[in-house]
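Chains L and D, in that order, are what the protein sequence lines are. Anchor point for the first sequence: position 52 equals 106 in the working numbering, and the numbering is continuous, going up by one each time. Anchor point for the second sequence: position 58 equals 63 in the working numbering, and the numbering is continuous, going up by one each time.
Hints should not be assumed to be uniformly reliable.
[As the list claims (entries may be wrong)] Listed below are the simulated DMTMM-like cross-link pairs for lysine to aspartate or glutamate, each with C-alpha atoms no more than 25 Å apart in a straight line: (1) D:LYS31 - L:GLU76; (2) L:LYS158 - D:GLU20; (3) L:LYS158 - D:GLU60; (4) L:LYS109 - D:ASP12; (5) L:LYS95 - D:GLU20; (6) D:LYS75 - L:GLU113; (7) L:LYS95 - D:GLU60; (8) L:LYS158 - D:ASP71; (9) L:LYS95 - D:GLU58; (10) L:LYS158 - D:ASP88; (11) L:LYS158 - D:ASP12; (12) L:LYS118 - D:ASP71.
[What the hints assert, rightly or not] Residues from chain L that keep clear of chain D, each with C-beta distances beyond 12 Å, as calculated: (13) VAL58; (14) THR71; (15) ASP81; (16) LYS95; (17) SER97; (18) MET99; (19) LYS118; (20) SER127; (21) THR129; (22) THR132; (23) GLN166.
[Stated by the list, open to error] Ranges between beta-carbon positions, derived for each pair: (24) D:THR32 - L:THR136: 31 to 39 Å; (25) L:PRO140 - D:ALA87: 19 to 27 Å; (26) L:SER168 - D:LEU66: 28 to 36 Å; (27) L:PRO62 - D:SER33: 37 to 45 Å; (28) D:GLN14 - L:SER59: 44 to 52 Å; (29) D:ARG55 - L:PHE93: 28 to 36 Å; (30) D:ARG55 - L:LYS74: 24 to 32 Å; (31) D:ASN57 - L:HIS139: 20 to 28 Å; (32) L:GLY107 - D:THR32: 24 to 32 Å; (33) D:ALA87 - L:PHE93: 41 to 49 Å; (34) L:ARG64 - D:GLN19: 45 to 53 Å.
Keep in mind that the hints were calculated from the coordinates and are not lab data. We put the CB at the ideal spot given by N, CA and C, even for glycine.
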Amino acid sequence: GAVVSQHPSRVICKSGTSVKIECRSLDFQATTMFWYRQFPKQSLMLMATSNEGSKATYEQGVEKDKFLINHASLTLSTLTVTSAHPEDSSFYICSAGIGTGAIKLFFGSGTQLSVL
Amino acid sequence: SQQGEEDPQALSIQEGENATMNCSYKTSINNLQWYRQNSGRGLVHLILIRSNEREKHSGRLRVTLDTSKKSSSLLITASRAADTASYFCATGGLGGYQKVTFGTGTKLQVIP
């Protein structure tokens, strides 16, 4: 099956710093990637849809200046958490879809962000 | 906003028993999918059922979809300890837009 690689798997940073998370589709081209946030024991909340070559589409309530998304190529999307604060600590997961209509998503392994 | 709600929220069974999880959703869908998540990991796609299908099988998994009731169920037969994980339903919207919304999840524990 298709593989999505997400790095880093875990990051600890100081409050006020920025953190970049990468999401790569290794063996397929992903015109669309999705970024989710997951709090402990909760479901995945869609943050934004990342489209190659265009601006990301953010869900309501997600600050686009806080969570910068860049989808520079068909195999790479990045999420940068700018000026991170402790409340940004969470598990972030990316996914990429194959095909239109019936969408099957392939997920990265997630990034656990801890902001001190 | 989340589309689906799963029930039960948590389920604990003995190895060898069957596990049934239910998902209800609110709006019309193109398809419904079930995913599995091991603790602290990404999600793995299990099975997809289209809105014009009523039942689908994959190995020990059986999924049903009732669009009139806006509900789906996932049955895992002859459960194994390795099936211990959280299971999420996810709904795909109409119009071909690649947006998938996840339910609240069921945490399954299979006791050896």
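Hints versus structure:
| no. | hint | result |
| --- | --- | --- |
| 1 | D:LYS31 - L:GLU76 | violated, 33 Å |
| 2 | L:LYS158 - D:GLU20 | violated, 29 Å |
| 3 | L:LYS158 - D:GLU60 | holds, 18 Å |
| 4 | L:LYS109 - D:ASP12 | violated, 37 Å |
| 5 | L:LYS95 - D:GLU20 | holds, 23 Å |
| 6 | D:LYS75 - L:GLU113 | holds, 24 Å |
| 7 | L:LYS95 - D:GLU60 | violated, 29 Å |
| 8 | L:LYS158 - D:ASP71 | holds, 20 Å |
| 9 | L:LYS95 - D:GLU58 | violated, 31 Å |
| 10 | L:LYS158 - D:ASP88 | holds, 21 Å |
| 11 | L:LYS158 - D:ASP12 | holds, 23 Å |
| 12 | L:LYS118 - D:ASP71 | violated, 37 Å |
| 13 | VAL58 | violated, 8 Å |
| 14 | THR71 | holds, 23 Å |
| 15 | ASP81 | holds, 15 Å |
| 16 | LYS95 | violated, 8 Å |
| 17 | SER97 | violated, 5 Å |
| 18 | MET99 | violated, 7 Å |
| 19 | LYS118 | holds, 17 Å |
| 20 | SER127 | holds, 18 Å |
| 21 | THR129 | holds, 17 Å |
| 22 | THR132 | holds, 17 Å |
| 23 | GLN166 | violated, 7 Å |
| 24 | D:THR32 - L:THR136: 31 to 39 Å | holds, 33 Å |
| 25 | L:PRO140 - D:ALA87: 19 to 27 Å | violated, 35 Å |
| 26 | L:SER168 - D:LEU66: 28 to 36 Å | holds, 35 Å |
| 27 | L:PRO62 - D:SER33: 37 to 45 Å | holds, 39 Å |
| 28 | D:GLN14 - L:SER59: 44 to 52 Å | violated, 31 Å |
| 29 | D:ARG55 - L:PHE93: 28 to 36 Å | holds, 31 Å |
| 30 | D:ARG55 - L:LYS74: 24 to 32 Å | violated, 37 Å |
| 31 | D:ASN57 - L:HIS139: 20 to 28 Å | violated, 46 Å |
| 32 | L:GLY107 - D:THR32: 24 to 32 Å | holds, 30 Å |
| 33 | D:ALA87 - L:PHE93: 41 to 49 Å | violated, 26 Å |
| 34 | L:ARG64 - D:GLN19: 45 to 53 Å | violated, 34 Å |
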